[in-house]
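J.: Read top to bottom, the protein sequences are chains A and B. Convert by adding 196 to the 1-based position in the first sequence; the result is the number in our numbering. Convert by adding 196 to the 1-based position in the second sequence; the result is the number in our numbering.
Calculated from the structure, these hints are not laboratory results. Each hint should be verified, as a subset may be incorrect.
Note that the list lumps identical chains together, so a pair holds whenever it fits in one copy or between two copies.
With a straight-line cut-off of 20 angstroms between C-alpha atoms, the simulated SDA-like cross-links for lysine to any residue are [what the hints assert, rightly or not]:
| no. | residue 1 | residue 2 |
| --- | --- | --- |
| 1 | K333 | I205 |
| 2 | K249 | P239 |
| 3 | K486 | R256 |
| 4 | K486 | Q260 |
| 5 | K358 | N554 |
| 6 | K417 | L284 |
| 7 | K333 | R555 |
| 8 | K359 | E384 |
| 9 | K352 | I388 |
| 10 | K488 | Q260 |
| 11 | K333 | S202 |
| 12 | K249 | A236 |
| 13 | K359 | S202 |
| 14 | K393 | S202 |
| 15 | K393 | S356 |
| 16 | K358 | S202 |
| 17 | K393 | I205 |
| 18 | K504 | E585 |
| 19 | K333 | I200 |
| 20 | K359 | I200 |
| 21 | K333 | G312 |
| 22 | K359 | I348 |
| 23 | K486 | D569 |
| 24 | K393 | I200 |
| 25 | K540 | P223 |
| 26 | K333 | D203 |
| 27 | K504 | A524 |
| 28 | K358 | G312 |
| 29 | K488 | R256 |
| 30 | K542 | L587 |
2 protein chains.
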Amino acid sequence: MDSIFSDRIADVPRSFIREILKVTLDPTIISFAGGLPNRALFPVEELKAATAKVFDTMGRDVLQYSTSEGFAGLREMIARRYHERQNLDIPVEDILITNGSQQGLDLMGKTFINEGDDIVIEDPAYLGAIQAFSLYKPRFNSVLLTDEGMDINLFKSVMSAKKPKLIYTVPNFQNPSGLSFSERTRHEMADIVRGTKTLLIEDDPYGDLRYSGRRKSSFKKFLPDNTILFGTFSKTVAPGFRLGWIVAPHDIMEKLIIAKQAADLHTTHFTQCILWQYMQDNDIDAHIRKIKECYGRQMQAMLSSIEKYFPAGVAHTSPEGGMFLWAALPENVSSRDLLDLALKDKVIFVPGDPFYVNRRNTNTLRLNFSCTDEETIDTGIRHLGQAMEELLKK
Amino acid sequence: MDSIFSDRIADVPRSFIREILKVTLDPTIISFAGGLPNRALFPVEELKAATAKVFDTMGRDVLQYSTSEGFAGLREMIARRYHERQNLDIPVEDILITNGSQQGLDLMGKTFINEGDDIVIEDPAYLGAIQAFSLYKPRFNSVLLTDEGMDINLFKSVMSAKKPKLIYTVPNFQNPSGLSFSERTRHEMADIVRGTKTLLIEDDPYGDLRYSGRRKSSFKKFLPDNTILFGTFSKTVAPGFRLGWIVAPHDIMEKLIIAKQAADLHTTHFTQCILWQYMQDNDIDAHIRKIKECYGRQMQAMLSSIEKYFPAGVAHTSPEGGMFLWAALPENVSSRDLLDLALKDKVIFVPGDPFYVNRRNTNTLRLNFSCTDEETIDTGIRHLGQAMEELLKK
Numbered sequence: 197m198d199s200i201f202s203d204r205i206a207d208v209p210r211s212f213i214r215e216i217l218k219v220t221l222d223p224t225i226i227s228f229a230g231g232l233p234n235r236a237l238f239p240v241e242e243l244k245a246a247t248a249k250v251f252d253t254m255g256r257d258v259l260q261y262s263t264s265e266g267f268a269g270l271r272e273m274i275a276r277r278y279h280e281r282q283n284l285d286i287p288v289e290d291i292l293i294t295n296g297s298q299q300g301l302d303l304m305g306k307t308f309i310n311e312g313d314d315i316v317i318e319d320p321a322y323l324g325a326i327q328a329f330s331l332y333k334p335r336f337n338s339v340l341l342t343d344e345g346m347d348i349n350l351f352k353s354v355m356s357a358k359k360p361k362l363i364y365t366v367p368n369f370q371n372p373s374g375l376s377f378s379e380r381t382r383h384e385m386a387d388i389v390r391g392t393k394t395l396l397i398e399d400d401p402y403g404d405l406r407y408s409g410r411r412k413s414s415f416k417k418f419l420p421d422n423t424i425l426f427g428t429f430s431k432t433v434a435p436g437f438r439l440g441w442i443v444a445p446h447d448i449m450e451k452l453i454i455a456k457q458a459a460d461l462h463t464t465h466f467t468q469c470i471l472w473q474y475m476q477d478n479d480i481d482a483h484i485r486k487i488k489e490c491y492g493r494q495m496q497a498m499l500s501s502i503e504k505y506f507p508a509g510v511a512h513t514s515p516e517g518g519m520f521l522w523a524a525l526p527e528n529v530s531s532r533d534l535l536d537l538a539l540k541d542k543v544i545f546v547p548g549d550p551f552y553v554n555r556r557n558t559n560t561l562r563l564n565f566s567c568t569d570e571e572t573i574d575t576g577i578r579h580l581g582q583a584m585e586e587l588l589k590k
Numbered sequence: 197m198d199s200i201f202s203d204r205i206a207d208v209p210r211s212f213i214r215e216i217l218k219v220t221l222d223p224t225i226i227s228f229a230g231g232l233p234n235r236a237l238f239p240v241e242e243l244k245a246a247t248a249k250v251f252d253t254m255g256r257d258v259l260q261y262s263t264s265e266g267f268a269g270l271r272e273m274i275a276r277r278y279h280e281r282q283n284l285d286i287p288v289e290d291i292l293i294t295n296g297s298q299q300g301l302d303l304m305g306k307t308f309i310n311e312g313d314d315i316v317i318e319d320p321a322y323l324g325a326i327q328a329f330s331l332y333k334p335r336f337n338s339v340l341l342t343d344e345g346m347d348i349n350l351f352k353s354v355m356s357a358k359k360p361k362l363i364y365t366v367p368n369f370q371n372p373s374g375l376s377f378s379e380r381t382r383h384e385m386a387d388i389v390r391g392t393k394t395l396l397i398e399d400d401p402y403g404d405l406r407y408s409g410r411r412k413s414s415f416k417k418f419l420p421d422n423t424i425l426f427g428t429f430s431k432t433v434a435p436g437f438r439l440g441w442i443v444a445p446h447d448i449m450e451k452l453i454i455a456k457q458a459a460d461l462h463t464t465h466f467t468q469c470i471l472w473q474y475m476q477d478n479d480i481d482a483h484i485r486k487i488k489e490c491y492g493r494q495m496q497a498m499l500s501s502i503e504k505y506f507p508a509g510v511a512h513t514s515p516e517g518g519m520f521l522w523a524a525l526p527e528n529v530s531s532r533d534l535l536d537l538a539l540k541d542k543v544i545f546v547p548g549d550p551f552y553v554n555r556r557n558t559n560t561l562r563l564n565f566s567c568t569d570e571e572t573i574d575t576g577i578r579h580l581g582q583a584m585e586e587l588l589k590k
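Isolated chain A (complex conformation):
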């Protein structure tokens, strides 16, 4: 039967993470595996009020078919926030609303990738991007992430050897590593890309969730012609609305809109208008501060517990924001084996494997801290530390 499928779909695995998440239905398990925002922080009442208003003021409009570009009011708000917060001047016409950033990845794949085209991703990389791009059968070139961002020498040599079509990067509090690019790395990368035909996708779902340090510059600032910006409301308001956006120059936007029409005509204006109304009537920045305060505390708790309980020889990142940190067991110790042990102690996480395009049985793991309170984090990390001790003794 398999022969009936397209070549592109044949090799793409189901999302390993989404499979793991099924285990988390057991309430006695402490999960560091998810990538979910904390549901306790969703502004339910405010969104309910905004929704009632939308029904009263534009009920029939939001229930009708609408434009592929997205709701103008929301796009204006996004443009205004770029101006206010990052001093970026983005014309409203350069913003396309998508069903979360994930759809942005698919539309970019559709619009740019021919089979065999070279693209650059981080090592490790965001799993959803690997999955979305895989369908268009590119050649992945992964560039090692360091504490400063992509290894600049590797990046330089890939750029000159492969002249890639796309670079995909999450420069702020990356998923899965929690690492961020230094200001210097951003400038050096921009210098290398400037003047080439390569496009750089800056995916920035976590940029607003910074718990220490200062905001870094967007690539859009010093590489405006080559940079495609992705944003989302999933981490700041609610992922369930599935609202993200793409910022792209005019000639690229034209093609992205064609791809969007073919993909699903348009994103529902209902949720777009609710989000717009919510932002009209509420101080979203005050809401984001609440999220930051909570996640920041939980991240600190996780870092302290790691210091207490993880055995010597286990390395980890110390993010300045986001939702994840990343740990590395001693070389040749498999994080999948650790998962088997940890599951017995009712703790789960995501082993590093799915975040790589060409490595298996790795020693790395991703830990999420957004959904677990401080006490539970301490218990979970203690159990995980014990499982590590046990594994290292073997």
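With chain A's structure known, arrange chain B on it following the hints.
T.: Leaving out everything else, chain B in the frame of chain A:
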């Protein structure tokens, strides 16, 4: 700059219809061009009440990330309706919720079409399907539509010569023609497809909107292994929610879910739960009867006006349901020329061209009757008839 784009996107035009719709912003123009449901019939108050309930009972759940397959409650309801209304037994696991049927087309393209694969479509065909499939670069084989459905001899010879991967059909009140497949054509086509590896996509957005005659059998009934069913709430409740679904056998569903995950993780559960709640608390069939009563009256008005005003030599279909009818000018008379004349009289429609994969400057046109009241229909058709007279005199 063009060379940076993928081959697949280079040749796909922006939707001609969506471009025409921009003209309709002029309120003095009578538009038979749209494909929109009548906004006056949207159940705004009922949906508002359902939404408030959803916030109260599952607010945090619907705002969180959720499953790619879609909300189980809604899928159960869809399965139940298939059973009650068409005597089709569909397991809930065989139903995937999509962002409207349009996304179903994209997911099918992703999952099945390799470049150069043969697929069969109707002649004329649904424009959105041509657009969505084009991105995967198939070879289109169009089979002439007759009053009975696809021309069975042409269909038979395409099937045996090309062994196509997919057949795409809208057997009930097709867009753009308004034509339906007879029971006999359905059986004959099923006999030809049975036992082959070809999949038949039965897209059924209008099936519930029948104004005369009796419901015909779904292909799923006598061709269960090869049939993929598409459905949508766009024409019965609200297109703005962007909620459609695919019914597919288990082994195909597995791949479709991978494609859905890569495309946008999942469709928002917020709107799915609202629709479910709406259907719990209201009699959707009573609502559909109201729509049928209104559209049926408007269709009759259009047919009567056509009899009165269209010159001899202009043929047209007489649908039993749906939202469109189709007219043909005498051969070699261009419907684009007619549009130029009609625009001066402030009437618009969609010329046939975009509904064909390989014909240009055709003599056909699509007329929508769902959004215009009977008096306006009479005025508009009168003007259009006058424009035809004028054009035929030349």
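J.: Take the hints in turn and mark each one as holding or not.
T.: Verification of the hints:
1. K333 <-> I205: Classified as both: same-chain Cα gap 10 angstroms, cross-chain 15 angstroms, threshold 20 angstroms.
2. K249 <-> P239: both (16 angstroms within a copy, 16 angstroms between copies)
3. K486 <-> R256: between (34 angstroms within a copy, 17 angstroms between copies)
4. K486 <-> Q260: between (35 angstroms within a copy, 18 angstroms between copies)
5. K358 <-> N554: Only inside one copy: K358 and N554 sit 18 angstroms apart there, 38 angstroms across copies, limit 20 angstroms.
6. K417 <-> L284: Within. Shortest intra-copy distance 7 angstroms satisfies the 20 angstroms Cα cut-off; inter-copy 57 angstroms does not.
7. K333 <-> R555: Classified as within; 18 angstroms inside a copy, 33 angstroms across copies.
8. K359 <-> E384: Intra 17 angstroms, inter 54 angstroms, cutoff 20 angstroms: intra-copy only.
9. K352 <-> I388: within (7 angstroms within a copy, 57 angstroms between copies)
10. K488 <-> Q260: Cα proximity of K488 and Q260: across copies only (18 angstroms, versus 37 angstroms in one copy).
11. K333 <-> S202: Intra 12 angstroms, inter 12 angstroms, cutoff 20 angstroms: intra and inter.
12. K249 <-> A236: between (24 angstroms within a copy, 19 angstroms between copies)
13. K359 <-> S202: between (28 angstroms within a copy, 15 angstroms between copies)
14. K393 <-> S202: between (30 angstroms within a copy, 13 angstroms between copies)
15. K393 <-> S356: Within one copy, since 12 angstroms is at most 20 angstroms while 46 angstroms is not.
16. K358 <-> S202: Intra 27 angstroms, inter 17 angstroms, cutoff 20 angstroms: inter-copy only.
17. K393 <-> I205: So K393 and I205 pass the 20 angstroms test across copies only (17 angstroms; inside, 28 angstroms).
18. K504 <-> E585: within (13 angstroms within a copy, 89 angstroms between copies)
19. K333 <-> I200: both (18 angstroms within a copy, 16 angstroms between copies)
20. K359 <-> I200: between (34 angstroms within a copy, 11 angstroms between copies)
21. K333 <-> G312: Classified as both: same-chain Cα gap 6 angstroms, cross-chain 17 angstroms, threshold 20 angstroms.
22. K359 <-> I348: within (15 angstroms within a copy, 51 angstroms between copies)
23. K486 <-> D569: within (15 angstroms within a copy, 52 angstroms between copies)
24. K393 <-> I200: The answer is between: 7 angstroms across copies meets 20 angstroms, while 36 angstroms in one copy does not.
25. K540 <-> P223: Cα proximity of K540 and P223: one copy only (14 angstroms, versus 67 angstroms across).
26. K333 <-> D203: Cα proximity of K333 and D203: in one copy and across copies (9 angstroms, 13 angstroms).
27. K504 <-> A524: Only inside one copy: K504 and A524 sit 16 angstroms apart there, 80 angstroms across copies, limit 20 angstroms.
28. K358 <-> G312: Within one copy only: 11 angstroms inside a chain, 28 angstroms across chains, cut-off 20 angstroms.
29. K488 <-> R256: between (37 angstroms within a copy, 19 angstroms between copies)
30. K542 <-> L587: within (16 angstroms within a copy, 78 angstroms between copies)
Of the numbered hints given earlier, the model fails none.
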